[in-house]
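*Asks:* When you get a sec, could you build the whole thing from the sequences and use the hints?
Chains A and B, in that order, are what the protein sequence lines are.
Heads up: the first sequence runs through residues 1 to 196, numbered per our numbering.
Heads up: the second sequence runs through residues 1 to 408, numbered per our numbering.
By construction, these hints were calculated from the structure, which means they are not laboratory data.
None of these values were measured; they are calculated from a predicted model.
From the three backbone atoms N, C-alpha and C, an ideal C-beta is built for every residue, glycine too.
Please note that a few of the clues may not be correct.
Unchecked claim - Derived list of chain B stretches under chain A, where covered just means 3 residues or more per stretch with a C-beta under 8 angstroms from a C-beta of chain A:
hint, region
1, 154-162
2, 294-300
Said to hold, decoys possible - Here's a subset of chain B near chain A, in silico, CB distances under 8 angstroms, partners left out:
hint, residue
3, VAL126
4, SER127
5, ASN280
6, THR284
7, LEU374
As the list claims (entries may be wrong) - Label pairs and their in silico Cβ distance ranges:
hint, chain 1, residue 1, chain 2, residue 2, range
8, B, PRO313, A, THR91, 49 to 57 angstroms
9, A, THR91, B, PRO208, 42 to 50 angstroms
10, A, SER73, B, THR250, 53 to 61 angstroms
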Amino acid sequence: MSFFSVTAFSANALRGNRNVPRGNERRMLQCHIQSYTGATSGAAKSGRWAVILYVAMLTISLPAFAGLGEDVSSVQADQAHMQGSLRTTQTQAYTLHEIQAPSGIVVREFVSPTGKVFGVAWQGPWPPDMRQILAGYFGQYQQAAQAQVNSHAGRKPLVIDQPGLVVQSGGHMRSFTGRAYIPEMLPQGVSAEAIR
Amino acid sequence: MRCITTGANRIANRIMVTAAICGGLLFAVACGGSGSSSGGSTVTTTPSNNVLAISVNAGPNGDYANGAFASVTVCVPSTTTCQTIDDVLVDTGSSGLRILSSVLTAALPQQKASDGNAVVECLPFVSGYTWGPVQTADIELSGEKASSVPIQVISGSDFPVPTACANFGSSQDTLSALGANGILGVGTMAQDCGQGCESPSPIYWECPASGCVEAGESLALQVQNPVALFSTDNNGVIIELPAVSGPEATLSGSLIFGIGTQSNNALNGATVYPVDVNGNFITTYNSQQYNQSFIDSGSNGFYFLDSSSTGIPVCSDANYFYCPSTTQNLSASNAGSTGTPSGTVTFSVANADNLFNNSPNDNVFGQLGGPNSLSGFDWGLPFFYGRNVFTAIQGQHTPGGIGPYWAY
Numbered sequence: 001m002s003f004f005s006v007t008a009f010s011a012n013a014l015r016g017n018r019n020v021p022r023g024n025e026r027r028m029l030q031c032h033i034q035s036y037t038g039a040t041s042g043a044a045k046s047g048r049w050a051v052i053l054y055v056a057m058l059t060i061s062l063p064a065f066a067g068l069g070e071d072v073s074s075v076q077a078d079q080a081h082m083q084g085s086l087r088t089t090q091t092q093a094y095t096l097h098e099i100q101a102p103s104g105i106v107v108r109e110f111v112s113p114t115g116k117v118f119g120v121a122w123q124g125p126w127p128p129d130m131r132q133i134l135a136g137y138f139g140q141y142q143q144a145a146q147a148q149v150n151s152h153a154g155r156k157p158l159v160i161d162q163p164g165l166v167v168q169s170g171g172h173m174r175s176f177t178g179r180a181y182i183p184e185m186l187p188q189g190v191s192a193e194a195i196r
Numbered sequence: 001m002r003c004i005t006t007g008a009n010r011i012a013n014r015i016m017v018t019a020a021i022c023g024g025l026l027f028a029v030a031c032g033g034s035g036s037s038s039g040g041s042t043v044t045t046t047p048s049n050n051v052l053a054i055s056v057n058a059g060p061n062g063d064y065a066n067g068a069f070a071s072v073t074v075c076v077p078s079t080t081t082c083q084t085i086d087d088v089l090v091d092t093g094s095s096g097l098r099i100l101s102s103v104l105t106a107a108l109p110q111q112k113a114s115d116g117n118a119v120v121e122c123l124p125f126v127s128g129y130t131w132g133p134v135q136t137a138d139i140e141l142s143g144e145k146a147s148s149v150p151i152q153v154i155s156g157s158d159f160p161v162p163t164a165c166a167n168f169g170s171s172q173d174t175l176s177a178l179g180a181n182g183i184l185g186v187g188t189m190a191q192d193c194g195q196g197c198e199s200p201s202p203i204y205w206e207c208p209a210s211g212c213v214e215a216g217e218s219l220a221l222q223v224q225n226p227v228a229l230f231s232t233d234n235n236g237v238i239i240e241l242p243a244v245s246g247p248e249a250t251l252s253g254s255l256i257f258g259i260g261t262q263s264n265n266a267l268n269g270a271t272v273y274p275v276d277v278n279g280n281f282i283t284t285y286n287s288q289q290y291n292q293s294f295i296d297s298g299s300n301g302f303y304f305l306d307s308s309s310t311g312i313p314v315c316s317d318a319n320y321f322y323c324p325s326t327t328q329n330l331s332a333s334n335a336g337s338t339g340t341p342s343g344t345v346t347f348s349v350a351n352a353d354n355l356f357n358n359s360p361n362d363n364v365f366g367q368l369g370g371p372n373s374l375s376g377f378d379w380g381l382p383f384f385y386g387r388n389v390f391t392a393i394q395g396q397h398t399p400g401g402i403g404p405y406w407a408y
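*Replies:* Below you can see the structure in the form of structure tokens.
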């Protein structure tokens, strides 16, 4: 069936050049597919599949990296990835982009006047896609988290305070909260306390 | 265990149960089973042994600080093929039993979705995740039993970790990362995830041969708090641990099942603090209110705020612990999720480096603390030392009201 071939092709094509989790790709594509289930057979059907594929490709042809340390344009990619609604608030020192996902996860991205995401904060029933919102800092985060687990046995909140990256993450299943920021990218007059 | 007994058997049972509950105080009036007469025969409900021994010790890795461990028996459902697993962490901060596949020898059946595909779970923690299949087991804890309970078998999957699961952070699928052979989640919730996972999420996955996909799971098929599935004493638990004056090697205590169901689990005037739907209540510290605070025997210290908000320095070699130059005697107040009731808690935070360096062979540290995310207080195991803490399960009736709540 074309349904499967389209899904498989898109997912494979995407996996090569984007760091979007596979499960969400499928869900995203399924949304498009569901909205076209009224399609008839034959040429009309394959034409519609082409449109669907095109729309799907457009949806994900946003910046490859999103989140911490990236350009403001990456906020849109995070919004698309979370299938969330976006609310933007302008303050004197920064712009706050708040993305609310249907799952209940809320991600706040703090953007400097120069257009860079200098901090992110989150809360929700489970953590957000950390690779998505930490972008280029995900590897550093992952390594530091593993090091904390290995160095002192005992379950505890996660604290990373390294040159260039601060992460605080706490909570429990159904209620996770945390924040991450790059100290040297904080705009003048903005305290780290603002990122929450 | 609910028994119908008569004559000599009944007396024998009473002696046994009385001995179990009262620790040898035979025939103490307050410790008898409840009985009722109808017609010519007497029907007696004998209480189950509802006390599971717990021990704070170094754990299976030999290096755990403030971990409360217990033995858990799992059986292949409806069989006598059972296995007792030691060194399982007792955790009021989560719900559901999780066992490392490396210590599990009983062949438990895989839980399947309605389409026949295996159900596998990715459970996130603050520093990572555990990945493994949902299997079903009969669970025996002291004299209590829950049948056909969905549990997570950590790292027991042939399926590779999906990207959306790996993106939570680092894997905690090993004994060295977990520090325990498993986690016994006896928290305020009946399932680990709840309604949020009835729709597809990165938590529950169904895995056909072609690979795992995110899937919605009904509440009944999610990993369950086994206590809620007991036939009696199923409305919550108490953790009882003695007070400590300084570091100690081990500490013995009890995990008691049921609240107000037997003579050994009455509230006895403990204050009931209702918990919200996400499992949080309110802690107020330095006039600031933190609405995402919680009590969690599975956290190993007092974790709250950070250095800049508390003024307490973190340790230079371990920034996840506080290292004040002198022990800090602090005070906060806890309140139910709607703001009432409220009560003051005093606690102390000592220099973690000194604690560990001066007591290298100890595992019980009542004054261990560290920073948290800014959203609240995580009242870990030291909070339980010298305090009987009740955890009531959502929707369950107790003499203190309907759960979820904490009482102490």
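*Asks:* Now look at each hint and say whether the structure bears it out.
*Replies:* Evaluated hints:
Coverage of the region 154-162 of chain B by chain A is violated. Counting CB-CB distances below 8 angstroms, 1 residues qualify, and the rule asks for three or more. Residues of the region 294-300 of chain B lying with their CB closer than 8 angstroms to a CB of chain A number 5, which satisfies the three-residue condition for coverage. Satisfaction of the interface hint for VAL126 of chain B is found here, the shortest Cβ-Cβ separation to chain A being roughly 5 angstroms, below the 8 angstroms cut-off. A least Cβ separation of about 4 angstroms between SER127 of chain B and chain A falls short of the 8 angstroms threshold, and the interface hint therefore holds.
A hinted interface residue such as ASN280 of chain B counts as satisfied when its beta carbon comes closer than 8 angstroms to some beta carbon of chain A; here the least separation is about 6 angstroms, so the hint holds. Taking 8 angstroms as the C-beta contact cut-off toward chain A, the hint placing THR284 of chain B at the interface is violated, the least distance being around 17 angstroms. Among the interface hints, the one on LEU374 of chain B holds; its C-beta lies about 5 angstroms from the nearest C-beta in chain A, closer than the 8 angstroms criterion. The supplied range of 49 to 57 angstroms is broken by PRO313 of chain B and THR91 of chain A, whose beta-carbon atoms lie about 31 angstroms from each other.
Distance hint check: the CB atoms of THR91 of chain A and PRO208 of chain B are about 48 angstroms apart, consistent with the given range 42 to 50 angstroms. A C-beta distance of roughly 56 angstroms is found between SER73 of chain A and THR250 of chain B, which places it inside the suggested range of 53 to 61 angstroms.
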